[in-house]
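Chemist: Here is what each chain is made of, one letter per residue.
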Amino acid sequence: MLEVRALAAGYGRAQVLFGFDLALRAGELVALLGRNGAGKSTTLKALMGLVPPAAGEVHFRGERIDRLAPWRIARLGLAYVPEERRIFTDLSVTENLEVGRLPRREGAVHWTAQRLFELFPNLGRMRDRRGGSMSGGEQQMLSIARSLMGNPLALLLDEPSEGLAPVIVDAMAGAVLELKREGLCVLLTEQNLRFARRVADRACILETGQLRHQGAMSALDADPALRERYLAA
Amino acid sequence: MSATSILLQFLNGLAGASALFLVAAGLSLIFGVTRIVNFAHGSLVMLGMYLAVALSEVVGFWWALPCAALAVAGLGALIESVLLRRLYRAPELLQLLATFALVLIIRDYALWQWGPEDLLGPRAPGMAGAVTIIGQPFPAYDLFLIAVGPAVLGALWLLLTRTRWGTLVRAATQDREMASALGVNQRLQFTSVFALGALLAGLGGALQLPREPATLKVDLAVVSDAFVVVVVGGLGSLPGAFVAALLIAEVKAFCIALGYSKLTLVVEFLIMALVLVLRPWGLMGRMPAPARGPAALEPPLAAPSPRVLAGLCTLLAALALVPLATTGFTLVLLTDMLVFALFAVSLHFISGPAGLHSFGHAAYFGLGAYGAGILALRIGAPMELSLATAPLLAGGGALLFGWFCVRLSGIYLAMLTLAFAQIAWSVAFQWDAVTGGSNGLIGIWPAPWLASKAAYFWLVLALACAAIALLWRALHSPFGYALRAARDSPLRADAIGIDARALQWAAFTVAGLFAGIAGALHAFSKGSISPESMAVARSVDGLVMVLLGGIQTLTGPLWGAALFTWLQDALARGFDYWRAAIGCVILALVLALPGGLGSLGGLLKRQGRA
Numbered sequence: 000m001l002e003v004r005a006l007a008a009g010y011g012r013a014q015v016l017f018g019f020d021l022a023l024r025a026g027e028l029v030a031l032l033g034r035n036g037a038g039k040s041t042t043l044k045a046l047m048g049l050v051p052p053a054a055g056e057v058h059f060r061g062e063r064i065d066r067l068a069p070w071r072i073a074r075l076g077l078a079y080v081p082e083e084r085r086i087f088t089d090l091s092v093t094e095n096l097e098v099g100r101l102p103r104r105e106g107a108v109h110w111t112a113q114r115l116f117e118l119f120p121n122l123g124r125m126r127d128r129r130g131g132s133m134s135g136g137e138q139q140m141l142s143i144a145r146s147l148m149g150n151p152l153a154l155l156l157d158e159p160s161e162g163l164a165p166v167i168v169d170a171m172a173g174a175v176l177e178l179k180r181e182g183l184c185v186l187l188t189e190q191n192l193r194f195a196r197r198v199a200d201r202a203c204i205l206e207t208g209q210l211r212h213q214g215a216m217s218a219l220d221a222d223p224a225l226r227e228r229y230l231a232a
Numbered sequence: 000m001s002a003t004s005i006l007l008q009f010l011n012g013l014a015g016a017s018a019l020f021l022v023a024a025g026l027s028l029i030f031g032v033t034r035i036v037n038f039a040h041g042s043l044v045m046l047g048m049y050l051a052v053a054l055s056e057v058v059g060f061w062w063a064l065p066c067a068a069l070a071v072a073g074l075g076a077l078i079e080s081v082l083l084r085r086l087y088r089a090p091e092l093l094q095l096l097a098t099f100a101l102v103l104i105i106r107d108y109a110l111w112q113w114g115p116e117d118l119l120g121p122r123a124p125g126m127a128g129a130v131t132i133i134g135q136p137f138p139a140y141d142l143f144l145i146a147v148g149p150a151v152l153g154a155l156w157l158l159l160t161r162t163r164w165g166t167l168v169r170a171a172t173q174d175r176e177m178a179s180a181l182g183v184n185q186r187l188q189f190t191s192v193f194a195l196g197a198l199l200a201g202l203g204g205a206l207q208l209p210r211e212p213a214t215l216k217v218d219l220a221v222v223s224d225a226f227v228v229v230v231v232g233g234l235g236s237l238p239g240a241f242v243a244a245l246l247i248a249e250v251k252a253f254c255i256a257l258g259y260s261k262l263t264l265v266v267e268f269l270i271m272a273l274v275l276v277l278r279p280w281g282l283m284g285r286m287p288a289p290a291r292g293p294a295a296l297e298p299p300l301a302a303p304s305p306r307v308l309a310g311l312c313t314l315l316a317a318l319a320l321v322p323l324a325t326t327g328f329t330l331v332l333l334t335d336m337l338v339f340a341l342f343a344v345s346l347h348f349i350s351g352p353a354g355l356h357s358f359g360h361a362a363y364f365g366l367g368a369y370g371a372g373i374l375a376l377r378i379g380a381p382m383e384l385s386l387a388t389a390p391l392l393a394g395g396g397a398l399l400f401g402w403f404c405v406r407l408s409g410i411y412l413a414m415l416t417l418a419f420a421q422i423a424w425s426v427a428f429q430w431d432a433v434t435g436g437s438n439g440l441i442g443i444w445p446a447p448w449l450a451s452k453a454a455y456f457w458l459v460l461a462l463a464c465a466a467i468a469l470l471w472r473a474l475h476s477p478f479g480y481a482l483r484a485a486r487d488s489p490l491r492a493d494a495i496g497i498d499a500r501a502l503q504w505a506a507f508t509v510a511g512l513f514a515g516i517a518g519a520l521h522a523f524s525k526g527s528i529s530p531e532s533m534a535v536a537r538s539v540d541g542l543v544m545v546l547l548g549g550i551q552t553l554t555g556p557l558w559g560a561a562l563f564t565w566l567q568d569a570l571a572r573g574f575d576y577w578r579a580a581i582g583c584v585i586l587a588l589v590l591a592l593p594g595g596l597g598s599l600g601g602l603l604k605r606q607g608r609a
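Here the protein sequences line up with chains A and B, keeping their order.
Residue numbers for the first sequence follow numbering that gives the first Met the number 0, so the first one is 0 and each next one is one higher.
Residue numbers for the second sequence follow numbering that gives the first Met the number 0, so the first one is 0 and each next one is one higher.
Covered by chain B, per the in silico footprint, the following chain A stretches (three or more residues, Cβ under 8 angstroms):
no.	stretch
1	57-71
2	79-86
3	89-98
Keep in mind the hints are simulated off the structure, nothing from the lab.
Being a predicted model, the structure only gives us computed values, none of them experimental.
Every residue gets a Cβ at the ideal spot worked out from N, C-alpha and C, and that includes glycine.
Looking at chain A on its own, in the form it has when it is part of the complex (with noise of 0.2 angstroms):
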């Protein structure tokens, strides 16, 4: 589904990915790991092209993605849910679901503004409501919601559990599995391994903007000792 080949990308002079390779199966969740700076934000807005990258290949469904602008990336099946979650505060709910929306994809769930508030019923409830006047957990709900109206084949969720309730993460855990089950390719990066643990199959983790350890999260749960290298603040 994905493919990322030597990918190197960076801001200006200071260069934060420094060249790694990365495959997703069609239906997989995969979790990218690592302490703060470690390049786990870059690596997603790079692959939406976000970030431009400086060298390797970015391939999506057998199509070169790395030079194109975030809209065409986008229009592929490509979608992103930023750490920040970047409501538009000054719209609706309704509104901040209609920017998403593209057109039914062949292969895809197609996802309506009721479909997505059968998913989040908290949504469903504020649908006038101003994006700016949401708490922090709500903004996070709409942000998913509003990249799933593009019928995404895949989606980049950067720390959804980030600054949340405990409540909120789990329901947002019950979310992210739905989605799996629907048949949906994730790529998250989380810093809350609990979280990582409870939804991915397969981990991944990056140190100073390299790939140190990937396998199946079962075997990171298994191994205090990798965890205490890479993870542990």
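Chain B: place on chain A using the hints.
Modeler: Relative to the frame of chain A, chain B by itself:
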């Protein structure tokens, strides 16, 4: 004034507000989505006027309105897709410069197509007469105009809130990167928004025809009015633009009615100043988020290396010897180059290291020039005294205007400096008794001991070089470091105790003072001054020089000033449409060399290595 005439003047102001609102709304929409301040917006208004005059002979006045507006919209779409699309990632100064190049090209096109004379438009068929309001006649067409403003505001509001296109535009205005990541087709969106903005401009121009003739001068006059409206109303707010257009147009109408038409701009300025002090982001605007971290990584400004210094000293020595070889035209051109080099370096001082993008630096050049002329002619001060005092006048002007300007940043600052320069220009243009009005002042000659071209050249060389050296020295003092710190990271600079606003105010004043020196030197070298010396075009000349040379280099403005002065001289002598030619040169440079001439060296070096 009776109650009736107050009412009529009020209605008159409302009629004027409509066209102003259309223009400002277009400017605001375009900026909101593309983040480009379209300097050529006034030129689109002008084209709308001329096209409507031409078309009304073919299809009649009422059909000419939409046809002219649509034609301008088409041109807008073309401009966006051919030119601006390549510049969205370029620094904002370059974008402004590119749109200014369009001003030059469109102005010369109109000159070529319709000639230099004003064109009188047709009267509106069916509305040529007057209606009686409380016993007084009032033009029927003006009543129509009064209705157009709110109608367009309503239509835009519906378009933005009730259609998918409008929702996407509002989303992109807030966060265009996120909108793009959600798959919003940016090409289509940017082109359509630009076309809509151009349509409003063209319509605004065409609608004015029964009230005023089509003239070439309308472009910069309208765009600076629109800047004032947008700054007062708040960038990106359509209701704000509407309220501000009403306010400004009413003030104009009453100034004219009371017989103070010359005070119009001063009163406009006072309103803008008041609004900016009370609400820095306009009546209905919102404060932009402060920049966090390095927005663009600028390489540190290096002090000139010994080799560069040696080269500059050699150049200086060579220049000092020139009068021994020739006293002809070369010397005049070299004098101009030196004067403009000082002007460009003073502009670079604030727009580069201090990060304050001034679009009205010519105001201080002009204040210096007029100061020298007025002291010499009206007061009879000796030339030496005039030359020494005039820059203080420029510095004083910069002190006053700067107090307002440093409260803003980025685009707001550029607009405000431009509006101030426009005010200074119109004072010089209208105050016949002191400034000689549109004729300017003549007979400003240097003292007898400097009367020869060679002696005056040596004076200019000595003063310009000393002033430039002083400015460069200041950039490498703690003052200069603090300025750059405040530019690159305002929040962090604030946190370590740098009073950015005070520093920038000081830098603005210093830059104005030094531009004033250049202006005074210029006045005595030419023997005359005209309002042109402080027109917006002169401010932009300065920016072109700085950008030609490369804004992040130290010596760049010198080369830029020399090249530009030579180019302008060579083109203006042999060619009627030299403005358009300069516009094309600017466009070519902006597209080919976004880092300026100074970056050419680095570029060649890199290619040599590859």
